[in-house]
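Chains as they are written, first to last, in this note's numbering: chain A, 1 to 118; chain B, 1 to 136; chain C, 1 to 250.
It is possible that some hints are incorrect.
To be verified - Simulated pairs of lysine-lysine, DSS-like, Cα-Cα distance not exceeding 27 Å: (1) A:Lys2 to C:Lys125; (2) A:Lys61 to A:Lys2; (3) A:Lys2 to C:Lys236; (4) C:Lys219 to A:Lys2; (5) C:Lys5 to C:Lys113; (6) C:Lys126 to C:Lys236; (7) C:Lys125 to A:Lys95; (8) C:Lys119 to C:Lys5; (9) C:Lys113 to C:Lys125; (10) B:Lys87 to A:Lys2; (11) C:Lys119 to A:Lys61.
I should point out that these hints are in silico values taken from the structure, not numbers from a laboratory.
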Amino acid sequence: MKRSNAPIFWLLFGGGGMLAALFGTMLVFITGIAAPLGWPFGPDLLSYPRVLAFAQNWIGKGFLFAIILLFAWHAAHRIKVTLHDVGIHPGPVAKLACYGSALAVTVVAAASLLSIGF
Amino acid sequence: MNARAGVRRPYVRSMQGWWRRDPFFMAYMAREMTAFAVAIYAVVLAVGVMRLAQGEAAWNGWLAALRSPGSILLHLVLLVSFAVHAKSWFEIMPKTMPMMFVGGRRVEASTITRTGWIATLVVSVLMFALTWWWKK
Amino acid sequence: MPESKRIEIQVLRYRPEQEDVPVWQSYYVPFTDDMSVLQGLQHIKDDIDGTLSFRWSCRMAICGSCGMMVNGIPKLSCQTFLRDLLPGPVRVEALSHFPIERDLVVSVEPFVKKLESVKPYIIPKKPRSLDQGEYLQTPEQLEQFEQFSSCINCMLCYAACPQFGLTPDFIGPGVLALAHRYNADSRDGGQAERMEIMSTEEGVWDCSAVGYCSEVCPKHVDPANAVNQNKVNSAKDYFLRFLSPKGASK
């Protein structure tokens, strides 16, 4: 019987899941509800100069990249398992679709964050 | 005795709709479904940094999209989903850990779960405070 | 004499020589407060319908023979009481996720083969002679594996596990818990050999942490913990194998 390569994806799944559990709820609130509604942080929380400075700072850049990367790979792994659970497209097609999407998101985020510069 | 009683013809039952057969499985599915929220939010953030890299006009366009009622509604759904994720994550987390002993006594799974929820609360408060400080 | 109460027990029958598809059959069984589902089935077989087939032995939840689905939940029928299922009907079916051989009897052989494959016995770290005396273990060393040694091979956890239902080649919760019982024993040195099975897709990696196995286990073995703990061990083995060729598995 062949050794599985699952550990790679499972560790990414675990890291992303932990990050999502600890940070996700508040992050969604801040970026998706508080900032657009202008409450309670005011209307300029996510103004271009402020966010640019955050993303150019290596801590901010690292944080953004870690969140996007780990959330994407966490979701990809779990969705792949769920597809298997409900009997939809099992096998390599599901793997390619799920992990391929995560890879695409990773590349877009990496390229964007790098091009923003320091 | 029935002469054909020696016939073996094992019957395999269908797994279709298995998760609808028990509330435990439905809760499992609800937990697994939270992955879609995590995926959607990752894409939202990825598009965000892409727009950021494309310059101020693109960024402001993305901010405007965030302000739309559709986006607010989506993020409310995502918020609930992430909360379900956090709750269910720490419920299952003790299962991945080896036996732990503190002061000679076994650490219960419920203790580990509660520690996770408390950590989430602390991190959330810290993030809120940091954001408050950042906006100045 | 008061008229005895009766309870309806519906059993999913399957006789391969006379039907292609299982069929429900109802029986009305006289009932007293102390009766288990197993006793109900025994009454059916003794006094109503001798063709009903089911496994049982100890009647006290230690042999693991009488596992079946009672109202959709995997249970030991000797440990499930009719008084808790009133007013009925009580629906009894063979353990889920296993092929039905006849009535409430399922195919057990694949489970046994899987159990054999994980070498469920102490593999000593070094050869040991009788005059070296017994192994010594502290209470904490015992606690590391004791709960996993409670497994009675009843297979309720397999009936609970949807991943086993979807992928019958999955080694499964019970066998992986038993593999862990030996891995966690300080007397044992067989971790690397067992890791060869545990690190395959059919080993720990088919598990998606549903956790229902631990809910239904009549002996509180917590197989979910055994399996998921070993995902960490398998991941360690996967990445650290390049550093330690002697200790790691192939």
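- request: Would you mind confirming whether the straight-line C-alpha gap from Lys119 (chain C) to Lys5 (chain C) stays at or under 27 Å?
  value: violated (49 Å)
- prompt: Quick one, are Lys113 (chain C) and Lys125 (chain C) close enough, alpha carbons at most 27 Å?
  reply: holds (25 Å)
query: Are the Cα positions of Lys2 (chain A) and Lys125 (chain C) separated by 27 Å at most?
result: holds (25 Å)
message: Check the hint pairing Lys61 (chain A) with Lys2 (chain A) against an upper bound of 27 Å on the C-alpha distance.
response: violated (39 Å)
query: Taking 27 Å as the top limit, are the C-alpha atoms of Lys2 (chain A) and Lys236 (chain C) close enough?
result: holds (17 Å)
query: Hey, Lys87 (chain B) versus Lys2 (chain A), does the alpha-carbon distance stay inside 27 Å?
result: Violated, at roughly 35 Å.
message: Please verify whether Lys219 (chain C) and Lys2 (chain A) have alpha carbons no more than 27 Å apart.
response: violated (32 Å)
query: Regarding the pair Lys125 (chain C) and Lys95 (chain A), is the alpha-carbon distance no greater than 27 Å?
result: violated (40 Å)
message: Need the status of pair Lys5 (chain C), Lys113 (chain C): alpha-carbon distance at most 27 Å?
response: Violated - the C-alpha atoms of Lys113 (chain C) and Lys5 (chain C) are around 44 Å apart, more than 27 Å.
query: Is Lys119 (chain C) within 27 Å of Lys61 (chain A), Cα to Cα?
result: violated (50 Å)
task: Would you check the hint for Lys126 (chain C) and Lys236 (chain C), treating anything up to 27 Å between C-alpha atoms as holding?
output: Measuring from Cα to Cα gives roughly 24 Å; hence the hint holds.
In terms of the numbered hints stated before, the structure departs from hints 2, 4, 5, 7, 8, 10 and 11, listed from lowest to highest.
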